[in-house]
Amino acid sequence: MRRIFAWAVLLFLMAPMLAVVPLSFSGSEVLRFPPEGFSWRWYVAFFASDRWLLASRNSLIVASAVAVVATLLGTLAALGLHLARFRGRGLILALLAMPIVTPSIVTAAAVFFAFSVVGLTGSLVGLVLAHTVIAVPFVVIAVLASVQGFDPVLLRAAAGLGASPAAAFRRVMLPLIAPGVATGAVFAFATSFDEFIITLFIAGPGQFTLPRQMYASVREFLDPTICAAAVLLFLCSLVLLLLSEAARGRR
Amino acid sequence: MARRHNRLAALLLAPLLLLLCGSFFIPVARILVTAVADPELSEALPRTAALLRGWDGQGPPPEPVFVAIGEELAAALRDRRIGRVAQRLNFEQSGMRSLLLRTARAGVTSRAALVALDARWGAPETWTLLRGAAGPATGLYLLRALDLVRSPDGAIQPVPKDDALYRTLFLRTLWIALVVTAICVVLAYPVAAVLAGLPPRWSRIGMLLVLVPFWTSVLVRTTAWFVLLQREGPLNAALVALGLVDQPVQLIGTRFAVVLAMVHVLLPFAILPAYSVMKRIDPALMRAAASLGAPGWWRFLAIHLPLSLPGVAAGAAFVFLLSAGYFITPALLGGPQDQMVASFIAFFMNQTVNWGMASALACLLLAMAGAVLALARGLLPGVLSGRFRA
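So the protein sequences, as listed, match chains Z and F.
End of the first sequence sits at 251 in the UniProt record's numbering; the numbers just go up one at a time, nothing left out.
End of the second sequence sits at 390 in the UniProt record's numbering; the numbers just go up one at a time, nothing left out.
Hints should not be assumed to be uniformly reliable.
What the hints assert, rightly or not - Stretch-level coverage of chain Z by chain F, calculated; a stretch enters the list once three of its residues show a Cβ under 8 angstroms from a Cβ in chain F:
id	stretch
1	17-26
2	90-96
To be verified - Just a sample of chain Z residues kept apart from chain F, beta carbon distances all over 12 angstroms, derived:
id	residue
3	ARG3
4	SER49
5	ARG51
6	ARG170
7	VAL186
As the list claims (entries may be wrong) - Some chain Z residues judged to face chain F by a derived CB distance under 10 angstroms, without partners named:
id	residue
8	ALA6
9	ARG32
10	LEU72
11	LEU83
12	THR102
13	VAL106
14	ALA159
15	GLU220
16	ALA230
If you're looking for bench data, these hints aren't it; they were derived computationally from the structure.
Since the structure is predicted, the reported quantities are computational estimates derived from the model, not experimental observations.
Even for Gly, the Cβ is constructed at its ideal location relative to N, Cα and C.
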């Protein structure tokens with residue numbers, strides 16, 4: 001009984017996506033269920049649309065940049081936190097986690113307000129900065145989890161054996177934290193790739209990302225192209241999930 | 001050695017802290033300031049503002065105030081700087097915009113001429129209002145966000161019934177967040193318990209069914225519901241086929257649609273921490289209790305529930321936190337009666353460009369989130385790492 005209930009809830013979690021897949025292959029203009037006929041036309045329409053292509057490009061550029069910046073800064077910060085012996089270490093960790101627990105509408109309003117003063121709204125750079133803020137805590141937490149138990153004495157031992165600091169870091173520390181860094185990077189990419197509210201505020205039409213374009217399309221005109229876009233984005237998420245599982249498996 | 005470590009640690013932390021200061025902490029702090037700042041009058045009419053701050057508020061203000069406001073209004077109109085101060089005063093008292101514009105266009109600069117142009121320039125309330133707006137700070141927006149106003153004599157009182165809006169809004173936001181959280185907990189608990197008890201292979205498959213939607217973009221999932229809940233959509237088709245309804249019903253724009261989709265989006269946040277805690281409950285405890293003769297419900301209440309509670313509570317806190325600030329789902333699936341605080345913040349930022357009001361609402365939302373965090377203190381780190389462990 002309990003098991004049936006649990007599997008029913010799991011089915012409920014998967015159902016919406018599963019229902020959208022057949023609709024994206026519909027042969028007709030209207031989103032009627034069950035779909036009539038089978039065609040690739042909505043996928044063709046997606047790849048023929050300048051707006052969807054621009055949004056895909058923007059999403060890939062921003063998410064990649066966020067993954068690089070957030071992973072770099074987040075990894076450095078996590079190593080710093082690991083080394084730190086001063087009081088206030090807990091406070092810094094709490095500060096770094098703040099963007100996760102702050103309601104995203106508040107972050108979005110604050111960032112919009114501040115960026116409009118310095119002219120960072122309507123630019124991809126502004127998007128990357130804002131997305132990095134909400135993505136970086138995940139990197140810090142993931143890397144911190146992987147350095148737990150790493151003894152700095154190992155670094156000194158490497159130095160004692162004649163390794164330069166850079167070599168000691170690369171040969172001793174990096175292999176240990178690599179899975180955490182990889183997990184953080186995937187999370188950072190996914191966080192930016194999904195982000196919507198900040199983008200809604202600070203992106204102009206030239207900076208629309210995929211979620212932003214999807215929102216615009218739902219509000220303006222509903223046609224099965226949206227289902228095709230949803231399925232494509234869904235596939236992207238699956239790839240990201242597999243990547244994160246692979247990174248976790250290496251731990 | 002520890003000193004050198006600390007210096008290196010500071011060096012490693014510095015870049016990220018700098019970035020967060022510039023793109024998060026300072027912007028959020030500015031929001032807090034903007035909620036109580038009142039710069040419009042003193043920016044557009046600096047001399048008038050200075051004179052009003054020096055005025056004791058008794059009787060009509062002295063003649064120089066009339067001269068100053070007349071001259072400065074005309075100048076502000078010429079330089080197109082009058083819009084913001086007009087909007088600011090009009091927000092507090094409707095009709096002020098037209099009064100300012102009329103006076104600016106007339107270009108009159110004496111007490112007699114101003115009063116002759118519009119009797120309101122002779123009324124003490126007008127000047128009390130202007131004097132209140134001349135200061136560097138105002139409680140106007142925060143009070144309004146609680147459906148309160150300051151009357152001309154300075155007392156704080158509720159706004160007229162027809163203008164009351166925000167208390168209902170906050171109560172509605174809290175209510176929707178509570179309902180969504182409660183449903184999520186009720187659904188998540190058995191799922192997590194069953195998954196934690198399954199043999200590894202099946203539990204992996206089950207977890208995948210949680211993780212796949214968890215990783216799917218929120219907008220994709222909300223859009224999927226938008227499609228599903230259409231009049232011609234699958235859900236209506238199923239309802240009609242089952243004979244539950246005669247003809248398709250309107251689902252988009254209802255509270256039901258909002259709660260349904262929010263539960264769907266947030267449920268994994270409740271399942272994952274509960275699962276990671278339950279996975280660590282030693283099954284030997286339950287077996288021991290059983291061998292000592294404790295019946296099933298007693299084993300559950302005495303062992304499983306208390307041991308799993310931290311994970312469940314952490315998940316519930318996170319779901320509540322996320323749903324209280326929700327924007328997308330009500331915006332796409334709800335009607336006007338389902339909009340939450342976030343929608344109003346967006347409205348004031350984008351539509352009416354009333355940053356004071358947007359900031360005041362954001363402050364109250366932030367305070368609400370802070371209260372939840374304080375209640376759930378110590379639980380959240382568990383949730384966050386649960387995202388990786390699960």
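Hints, verified against the model:
no.: 1; hint: 17-26; verdict: holds (count 4)
no.: 2; hint: 90-96; verdict: holds (count 3)
no.: 3; hint: ARG3; verdict: 6 angstroms, violated
no.: 4; hint: SER49; verdict: 16 angstroms, holds
no.: 5; hint: ARG51; verdict: 15 angstroms, holds
no.: 6; hint: ARG170; verdict: 16 angstroms, holds
no.: 7; hint: VAL186; verdict: 10 angstroms, violated
no.: 8; hint: ALA6; verdict: 4 angstroms, holds
no.: 9; hint: ARG32; verdict: 4 angstroms, holds
no.: 10; hint: LEU72; verdict: 8 angstroms, holds
no.: 11; hint: LEU83; verdict: 4 angstroms, holds
no.: 12; hint: THR102; verdict: 7 angstroms, holds
no.: 13; hint: VAL106; verdict: 5 angstroms, holds
no.: 14; hint: ALA159; verdict: 12 angstroms, violated
no.: 15; hint: GLU220; verdict: 12 angstroms, violated
no.: 16; hint: ALA230; verdict: 5 angstroms, holds
Taken one by one, the earlier hints fail for this structure at numbers 3, 7, 14 and 15, listed in ascending order.
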